[in-house]
Amino acid sequence: MAKELKLMKGNEAIAEAAIRSGCDGYFGYPITPQSEVMEYLMAEKPWEKTGMVVLQAESETSSINMVYGGAGAGKKVMTSSSSPGISLMQEGLTYLAGAELPCLVVNVVRGGPGLGTIQPSQADYFQATKGGGHGDYQLFVLAPATVQEMYDFVFLAWEVAFKYRNPVMILSDGAIGQVMEKLYVGDYVPRWTKEEIMKISPWATFGKPDYRDHNIITSLELDSAKQEIHNHKLQAKYREMEEKEVRYEAIECDDADYVFVAYGSSARIAQKALQLGREKGIKVGLLRPITLFPFPKKPIAELSKRVKGLLSVEMSAGQMVEDVRLAAEFRCPVEHFGRYGGMIPTPHEVLEALEKQIINRK
Amino acid sequence: MAIKGAVVIDTERCKGCAVCTVACPNKILALSKNVNGKGYNYCEATSDDCIGCASCAMVCPDGVITVYKVKL
Amino acid sequence: MFNPDIIKPENLVYKKTSVLTDAILHYCPGCGHGTTHRIIAEVIEEMGIQDKAICVAPVGCSVLAYNYFNVDSQGAAHGRAPAIATAIQRLYPDHHVFTYQGDGDLAAIGTAETIHACNRGENIVIIFINNGIYGMTGGQMAPTTLLGMKTATSPYGRTVELNGYPLQITELLAELPGTYFVTRQSVHTAAAVRKTKKAIRQAFENQKNKKGTSFVEVLSNCNSGWKMPATKANEWMVENMMVKYPIGDIKVDGEIIKK
Chain A
736 MAKELKLMKG NEAIAEAAIR SGCDGYFGYP ITPQSEVMEY LMAEKPWEKT
786 GMVVLQAESE TSSINMVYGG AGAGKKVMTS SSSPGISLMQ EGLTYLAGAE
836 LPCLVVNVVR GGPGLGTIQP SQADYFQATK GGGHGDYQLF VLAPATVQEM
886 YDFVFLAWEV AFKYRNPVMI LSDGAIGQVM EKLYVGDYVP RWTKEEIMKI
936 SPWATFGKPD YRDHNIITSL ELDSAKQEIH NHKLQAKYRE MEEKEVRYEA
986 IECDDADYVF VAYGSSARIA QKALQLGREK GIKVGLLRPI TLFPFPKKPI
1036 AELSKRVKGL LSVEMSAGQM VEDVRLAAEF RCPVEHFGRY GGMIPTPHEV
1086 LEALEKQIIN RK
Chain B
7 MAIKGAVVID TERCKGCAVC TVACPNKILA LSKNVNGKGY NYCEATSDDC
57 IGCASCAMVC PDGVITVYKV KL
Chain C
4 MFNPDIIKPE NLVYKKTSVL TDAILHYCPG CGHGTTHRII AEVIEEMGIQ
54 DKAICVAPVG CSVLAYNYFN VDSQGAAHGR APAIATAIQR LYPDHHVFTY
104 QGDGDLAAIG TAETIHACNR GENIVIIFIN NGIYGMTGGQ MAPTTLLGMK
154 TATSPYGRTV ELNGYPLQIT ELLAELPGTY FVTRQSVHTA AAVRKTKKAI
204 RQAFENQKNK KGTSFVEVLS NCNSGWKMPA TKANEWMVEN MMVKYPIGDI
254 KVDGEIIKK
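Chains as they are written, first to last, in this note's numbering: chain A, 736 to 1097; chain B, 7 to 78; chain C, 4 to 262.
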């Protein structure tokens, strides 16, 4: 595959990846700090290049339902937003999950609660990984830490979404969305033809051919016995994801006495804190979850058997730390260090937190 | 020229709403004294004065009426 | 059976269309939903567009509409059908995407989706069933409930002070430049059903010619919600509903013809 070097913002990388990955439709609503996604798409006019539809909706409620419509019709469709907008989308997301529709939702997280701040945050971890809307369901959640990953994970998202018929969320943050970095982009993947859609997603509503019954996309089942069967099916799918789709990066964990667990922007900061620690003679490692659901429980469980402590570094008041604790099952101390409300931790304060909360804990 | 019609009513699917009895210009439809499997007094023709105009079928919410017509 | 000798295929003048499935409608006896379903399906059959028709069903009494239309269908979240239809139609521009929505769905919780889809002139058909009540949840007040009308949540009759005015959303939508055809019809008599079917046909023809949004309101009785027999409910509809919501075309070929 031909690689082309570019310099762009994380948000722009999402948009470029959408066009190049054969996305059929983007439906969005402006919100800081992710408005560049739609701005870039509108400027690029992909409908002239690939036939991709781009539409500014009247609200996030509407854009997520446009995604529902497109996804239900077998198309590769996506939206992006930031925290308050993602909250508005929760209705649509639970319907998408219930109807088992593949799609991509990008959350460029900002600080909350409420209107909060427009600065970066990771305070939407619970919302992203524990369902978010009503009912038992899971999104597949990817956490990019670089602009390159913003780009790459769009391609990965389509793969996973259509493999499992499940909505995928890229959980980014205002820092990764706004930072400019170099990245490599690849060739254009052609959009699927109707014939391909009929083959890949025979369940979709692309118009009823004579040879089959009418397809119905719905999340409604009035018969509780059938609804429970549907729930079992969903749960089996989530368990399969947990078995097959966990992704993480382990940095200098092999000889580590202490390990930071951090994703996205926090992982970049924790990596610097790791270096500072190593310079001081403290053997620190970093485990970076790439999939937040499915969460890398096993590698954390393994680490917990041999390290002296785990520090969950998050731009939140302590959300992922709960999953780290569950995985560690009290085999070693697990603490949380976070800055929030749009504040970003420094590597020094992360290392200091490790020393204070774990190494020198009373 | 005379027009002669006939209606075939799927009485098991009829809910006995009686909307067709009002729509029939010759008032030949009425609810039966008998009921169907769901307990509805279904609709039935009461004379051979049907003219096959399909007004009954037109207003039937459940699409249970099939209409035939000949010009004699 | 009367006149059995003429019951032959060559004499057939009316039978249920195959664009409706064989599922038994769950609607109350005499409800206008079934009639409206039937004529939409007939139009789809007559136009030969079954393979291109995509229904977006609402939340409300007609939540299960997708079980009855023998076309590919999606069930929307409450009020969101126009947004869903927008995306499908844009992604399949030569298809016939239509929404089927009640008054609560379209004119209360889905007002934003309705207005913006119409304002963008989405090339979709919207069928709007107005019976002035929330049928499925047990007869609560709807945005289109008439003043004085008793419902489960306006047990002493709707008042302006407490509940505001009935919403004439169809007239409102006609004002938007994106709507090409806006009409209000009913299904209480054979003549009315024929006119409504003609209007629905017009709506789908407009869509074929990519004219923008076609909006067909259908007044229907809700005999259970209104607490009267179906035949009586149809009379009540003529005497009351049609005063506030007069029958007829409101906008034709993009021009408002009736204020």
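Rather than coming from a laboratory, the hints here were simulated on the basis of the structure. Just to be clear, a hint being listed does not mean it is correct.
Claimed, not checked - Straight-line alpha carbon distances no greater than 25 angstroms define the calculated SDA-like cross-link-like pairs of lysine to any residue that follow:
hint : chain 1 : residue 1 : chain 2 : residue 2
1    : C       : Lys55     : A       : Lys961
2    : C       : Lys201    : B       : Lys39
3    : C       : Lys19     : A       : Tyr946
4    : C       : Lys11     : B       : Lys44
5    : A       : Lys934    : A       : Leu957
6    : B       : Lys77     : C       : Lys235
7    : A       : Lys961    : C       : Lys18
8    : C       : Lys55     : A       : Gln1006
9    : C       : Lys18     : B       : Thr17
10   : C       : Lys235    : B       : Lys75
11   : C       : Lys19     : A       : Lys780
12   : A       : Lys780    : C       : Lys235
13   : B       : Lys75     : C       : Asn6
14   : C       : Lys11     : B       : Thr17
15   : A       : Lys934    : C       : Lys55
16   : B       : Lys39     : C       : Phe5
17   : C       : Lys19     : B       : Asn32
18   : B       : Lys75     : C       : Lys55
19   : C       : Lys55     : A       : Gly757
20   : B       : Lys33     : C       : Arg197
21   : C       : Lys11     : B       : Thr52
22   : B       : Lys33     : C       : Glu208
As the list claims (entries may be wrong) - Which residues of chain C face chain A? A few of them, derived with a C-beta cut under 8 angstroms, are:
hint : residue
23   : Gly51
24   : Asp54
25   : Asp75
26   : Gln77
27   : Ala90
28   : Ile91
29   : His98
30   : Thr114
31   : Gly151
32   : Asn212
As the structure is a prediction and not an experimental result, all values here were calculated from the model. Ideal Cβ placement from N, Cα and C applies to all residues, glycine included.
Hint by hint, work out which the structure violates, then give me just those numbers in ascending order.
The structure conflicts with hints 1, 2, 4, 5, 6, 7, 8, 10, 11, 12, 18, 22, 23, 30, 31, 32, although it agrees with all the remaining ones.
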